[in-house]
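Asks: Single-letter residue listing:
There are 2 protein chains.
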Amino acid sequence: MTAFADRLIEGVRSKGTPLCIGLDPFPDKIPAVFGPTGSVLALQAFSENLIAIAAQHAAVLKPQLGFFEAYGPDGFAVAVDAVARAKLAGMAVILDAKRGDIGSTAEGYTRACLGPAPGFDADCVTINPYLGKDSLEPFIAEAQAREKGVAVLVRTSNPGARDLQDLNVDGAPLWHRVAEMIEPAAPRLVGASGWSGLMAVAGATYPQEARALRALMPRSLLLVPGYGAQGASAADAAAGFVTGKYGREGGVISSSRAVAYPPAAQAAKTLENWRAAISDAMSTAAAELRAACIS
Amino acid sequence: MTAFADRLIEGVRSKGTPLCIGLDPFPDKIPAVFGPTGSVLALQAFSENLIAIAAQHAAVLKPQLGFFEAYGPDGFAVAVDAVARAKLAGMAVILDAKRGDIGSTAEGYTRACLGPAPGFDADCVTINPYLGKDSLEPFIAEAQAREKGVAVLVRTSNPGARDLQDLNVDGAPLWHRVAEMIEPAAPRLVGASGWSGLMAVAGATYPQEARALRALMPRSLLLVPGYGAQGASAADAAAGFVTGKYGREGGVISSSRAVAYPPAAQAAKTLENWRAAISDAMSTAAAELRAACIS
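If you read the protein sequences in the order shown, they are chains V and H.
In this text, residue positions in the first sequence follow my numbering: the first is 10, and each later residue adds one.
In this text, residue positions in the second sequence follow my numbering: the first is 10, and each later residue adds one.
Chain V extracted, bound-state conformation (with noise of 0.2 Å):
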């Protein structure tokens, strides 16, 4: 085994791109090729389909846990298939949960999300840290147990995150304490490379809080989302990044809407062409990260 933080920057060299592709199975976006709208069907259909171009063009994949829960319990299964699918197609899997509880209910999600069959055996997960540091404990000692990562939301991309992640605390904003109540736990999961698995989530439409967040804590991979549709630029979504012998490094940048559902493939009438205008929507997003990365 290799520490996740080491298996995670290795993918992003050996690929040449920090690009992190987003699983969001939007129901309505799922083109007819499929099957029927809404089914689970074609929610299993087109995660495989999407996770086979994803394998060639980006190290990781970020599925979106409530998208298939709103499929119910035939949905849940379908995601914990597109973590086994993408893991064997040699990605890094980010599970984007975002659980958060206490005790032995967070040790639950603990082994749902990280643990082997039949939980998600997911290679990182993202949680909350509204409840405090004994609620993200369990999820950090079974990634330093079992070389998997954690990514905790610190300051995400959403409008709402102002209303508490900015309000003020002793002259910092709130997230400025949730990374430092987090980086104490990062040496835990440090690899070889020197980058730690504990990750940090910061959200791609604020570049100068993404450079902040970097001196918070220097060890710490990103984990950036909002990037393409949530319209932050290549160099925006950088921002957190640090530049040493390999260019430009430190986290992977995530792109769902614009790589999965662009105006190409949804207008495409047959497999092929999905698979051609997905093709073509990756590899863009895969240049124009490589592009940021090495100037």
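Some clues are possibly wrong.
Residues from chain V that face chain H, not an exhaustive set, calculated with beta carbons under 7 Å [said to hold, decoys possible]:
hint : residue
1    : I111
2    : T114
3    : T165
4    : A273
Since the hints were derived computationally from the structure, they do not count as laboratory data.
Note that beta-carbon positions come from the ideal geometry of N, C-alpha and C, so glycine has one too.
Fit chain H to the known structure of chain V by using the hints.
Replies: Showing chain H alone in chain V's frame:
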């Protein structure tokens, strides 16, 4: 249909107790009489039997989804079944999922937790406020449209609650800001009883804080976890309730371990003995809370 708040408070009045039964299926604590340890079979049998007895003593069930998810997709399906069973038995169900996400993903979780089949169709769901107002809105809108409720984590009962929730923001703890952030939405879920189904979660371990929360959110029903095994007394747990013509009321108080795993039930060798022990424990908890609300 009747507003969720009215259904909840009617249930509490009719049972004469604010007791809410927490369904936390610890794999290691489920008695062998229900099936092999750790099996989905045992999970299903335990849940089914516990709900049948719970419906006799309490108006509300709170299943902890994390315990079910630890069993994978089959466990998720058992949770869906448990919610349906409890509703059929006449209970209101607060799905303890602690979800929190943005935009379309929040809509996915809303559909999963509160939506009709293949969703849970729970009466209420617990949600995490860290991502701000826009992350709560899909849940509140669905609750308003379909006579459901939401229970927002405000001040939790774990030691780690201090790490962020108690941080000082301009003279008041962060959790006061959370209460102030959500209070304006409370009227949208108010029923004929005058109570709002925009519930606030406030741990029973901090009665002074429950009183402060009551002042900040006068109409909101409270969901008070941590009674029983977590060490709070019945009077502490009811600290956020107010005196009216039906006695002290204003929410529900959850007990999990004390009513689901009392020593007599754990020692039982037959299903009949287990049932009797569980019934005794629930009856005792119901009576203790009844007494605390009469005085």
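Asks: So, for every hint listed, does it hold in this structure?
Replies: Going through the hints against the structure:
no.: 1; hint: I111; in the structure: 4 Å, holds
no.: 2; hint: T114; in the structure: 4 Å, holds
no.: 3; hint: T165; in the structure: 5 Å, holds
no.: 4; hint: A273; in the structure: 21 Å, violated
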